[in-house]
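Undergrad: Model the full assembly from the supplied sequences, consistent with the hints where possible.
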Amino acid sequence: MVSAVFHTPLDAAASPPAVARTAAPAASSTGAATPKADEPRARVPLDLRWFWMRVLPPLAGFGVLVLIWELIAIRSAGTFPAPYETWLQAVKVFSDPFYSNGPNDQGVGWNVLSSLQRVALGFGLAALVGIPAGFAIGRFEFMSRMFNPLISLLRPVSPLAWLPIGLLVFKGANPAAIWTIFICSIWPMIINTAVGVQRVPSDYMNVARVLNLSEWKILTKILFPAVLPYMLTGVRLAVGTAWLVIVAAEMLTGGVGIGFWVWDEWNNLNVKNIIIAIFVIGIVGLVLEFALIKIATAFTFEEVKS
Amino acid sequence: MNDVINKKFIDIQNVEQTFKTPKGSFQALRDINLSVAKGEFVALIGHSGCGKSTLLNLIAGLTRPTKGVLLCANKEIAGPGPERAVVFQNHSLLPWLTCYENIYLGVERVFSATESKAQLKARTDAALALVSLTPATSKRPGEISGGMKQRVGIARALAMEPKVLLMDEPFGALDALTRAKLQDELLSIVQKTESTVVMVTHDVDEAVLLSDKIVMMTNGPSATIGEVLSVNLQRPRNRVELAEDRDYVHYRKAVIDFLYTRQAHVEKAA
Chain A
174 MVSAVFHTPL DAAASPPAVA RTAAPAASST GAATPKADEP RARVPLDLRW FWMRVLPPLA
234 GFGVLVLIWE LIAIRSAGTF PAPYETWLQA VKVFSDPFYS NGPNDQGVGW NVLSSLQRVA
294 LGFGLAALVG IPAGFAIGRF EFMSRMFNPL ISLLRPVSPL AWLPIGLLVF KGANPAAIWT
354 IFICSIWPMI INTAVGVQRV PSDYMNVARV LNLSEWKILT KILFPAVLPY MLTGVRLAVG
414 TAWLVIVAAE MLTGGVGIGF WVWDEWNNLN VKNIIIAIFV IGIVGLVLEF ALIKIATAFT
474 FEEVKS
Chain B
123 MNDVINKKFI DIQNVEQTFK TPKGSFQALR DINLSVAKGE FVALIGHSGC GKSTLLNLIA
183 GLTRPTKGVL LCANKEIAGP GPERAVVFQN HSLLPWLTCY ENIYLGVERV FSATESKAQL
243 KARTDAALAL VSLTPATSKR PGEISGGMKQ RVGIARALAM EPKVLLMDEP FGALDALTRA
303 KLQDELLSIV QKTESTVVMV THDVDEAVLL SDKIVMMTNG PSATIGEVLS VNLQRPRNRV
363 ELAEDRDYVH YRKAVIDFLY TRQAHVEKAA
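So the protein lines, in turn, are chains A and B.
Take the numbering used here: the last position of the first sequence gets the number 479, and nothing is skipped along the way.
Take the numbering used here: the last position of the second sequence gets the number 392, and nothing is skipped along the way.
Hints should not be assumed to be uniformly reliable.
What the hints assert, rightly or not - Straight-line C-alpha distance at most 25 Å; calculated PhoX-like pairs for lysine-lysine:
id: 1; chain 1: B; residue 1: LYS129; chain 2: B; residue 2: LYS314
id: 2; chain 1: B; residue 1: LYS303; chain 2: B; residue 2: LYS335
id: 3; chain 1: B; residue 1: LYS130; chain 2: B; residue 2: LYS160
id: 4; chain 1: B; residue 1: LYS189; chain 2: B; residue 2: LYS145
id: 5; chain 1: B; residue 1: LYS335; chain 2: B; residue 2: LYS160
id: 6; chain 1: B; residue 1: LYS189; chain 2: B; residue 2: LYS129
id: 7; chain 1: B; residue 1: LYS239; chain 2: A; residue 2: LYS390
id: 8; chain 1: B; residue 1: LYS160; chain 2: A; residue 2: LYS390
id: 9; chain 1: B; residue 1: LYS129; chain 2: B; residue 2: LYS285
id: 10; chain 1: B; residue 1: LYS285; chain 2: A; residue 2: LYS390
id: 11; chain 1: A; residue 1: LYS390; chain 2: B; residue 2: LYS243
id: 12; chain 1: B; residue 1: LYS285; chain 2: B; residue 2: LYS197
id: 13; chain 1: B; residue 1: LYS189; chain 2: B; residue 2: LYS142
id: 14; chain 1: B; residue 1: LYS303; chain 2: A; residue 2: LYS467
id: 15; chain 1: B; residue 1: LYS197; chain 2: B; residue 2: LYS130
Stated by the list, open to error - Just the calculated beta-carbon pair ranges, DEER-fashion:
id: 16; chain 1: B; residue 1: ASP153; chain 2: A; residue 2: PHE313; range: 33 to 41 Å
id: 17; chain 1: B; residue 1: LYS243; chain 2: A; residue 2: ALA471; range: 26 to 34 Å
id: 18; chain 1: A; residue 1: PHE463; chain 2: B; residue 2: THR188; range: 25 to 33 Å
In case anyone wonders, no lab produced these hints; they're calculated from the structure.
The beta-carbon is built from N, C-alpha and C at its ideal position, and this holds for glycine as well.
TA: And the structure:
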């Protein structure tokens, strides 16, 4: 199961500098016998190490990407746009992100915003249903035995398989896309919340029993704070999946949205814009993930895990 | 009649506790007969795995006995309740609430029906003052030491004005010096509040110093009460003076003799 531990790839990248910082005093202590004038010089290698570990590797990574891209562009003889052309096109696209020439030709800003709106709606509804459902399933064994087989059966289904059902029931592309987001983001929230409730330390529940707390007090004072980190992990996974799925769903439903934009540019054979869209999708996903991790760490009590 | 209730404030009759495990049923306790008078301080002592915590949970009502009856103030113990407050071994404070809020949670539950908000606050403050933790009022459990946490746990239990205070190795996780300090504090608090206390411990000195009666349990499985020792030492008790007291040394010897001579085969039991 998914645990409520929040680690980002960024954390991993952040640790080497910490090592570098602790290593620095050791390095300068060897020079401690020498006069103070040497100290500024001792600090210079520290800055270099920071540069080596923190700035250079990501730059090198992007460098490799651009290099491979450039090679592919050269070999494709014009059908695949080179990085520099794409960059110029990106500057043009982002110089006016909010133009609107009818429903099929809108700026990238509008496309991203309408995708985010769909994700927010579908995800919000899923949270509204999934989190209480998770609490109920975690708290009452009957509910857990009742719903676990259903969840196990439906969770592996690709959310796009639900799209036709959405189109049939809601008779519209937009609600169907929201419905798809709803389905794909509800599972992680139900499961993580339920696991969180089941993992509330039995000591806390014994306290509740000895104090004879009402079910409402148990929920607000014990269950909710104890489950919050698990719940936020569920939220994070749900938003991540929702952002993955919305692009695919919009390709099928059309309308305004980043997924539709990708598909539209493919029909126009505008590969540069597709590449720009890929980067935009990646950056928005990264920002969403990062924001949610920040929220999650702010609400995690150290002692919850001990 | 009242006198009878006071003498047998907690009355345990023929209690047996069997747990169902995947390997079959496991008898933890058998033939437990014990009565605790009002205002009495009783220590349950025995090797680990002898079922002393099981017995305490039964009195707390957290578990129900397989056989037999437990009475508190002549009423059957049917479940946990604030009139039998528990101090848990690992303090069990809620980490997202401040010390004040942790105590208030219990106070509110017991007294909010009959008292005003100001009275509830006064009770909570008084409980914090009783364990001399007024300065830590708005601190979270993560910000205070282990000894202080345990004191908040005791304050939470006492603030509910329980009929019985149940303590499950309350000082077991503390270092020796903090433990001694809290034992002294507990002695004076119990003196002040005249509480009825049942305490689980594995510390011989703690048992002799604090209690009026030491209940020594045989090794599990199927543990039972091996011997009950009355400790007739004058109160208030002082640990320094008692260290060379002949009676104290005698009681201590009796407990050690029981634990290490007659119930020594702890490895087999565990």
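Undergrad: For a quick check of understanding: which of the numbered hints are violated here, in increasing order?
TA: Violated hints (numbers, rising): 8, 14, 18; every other hint is consistent with the structure.
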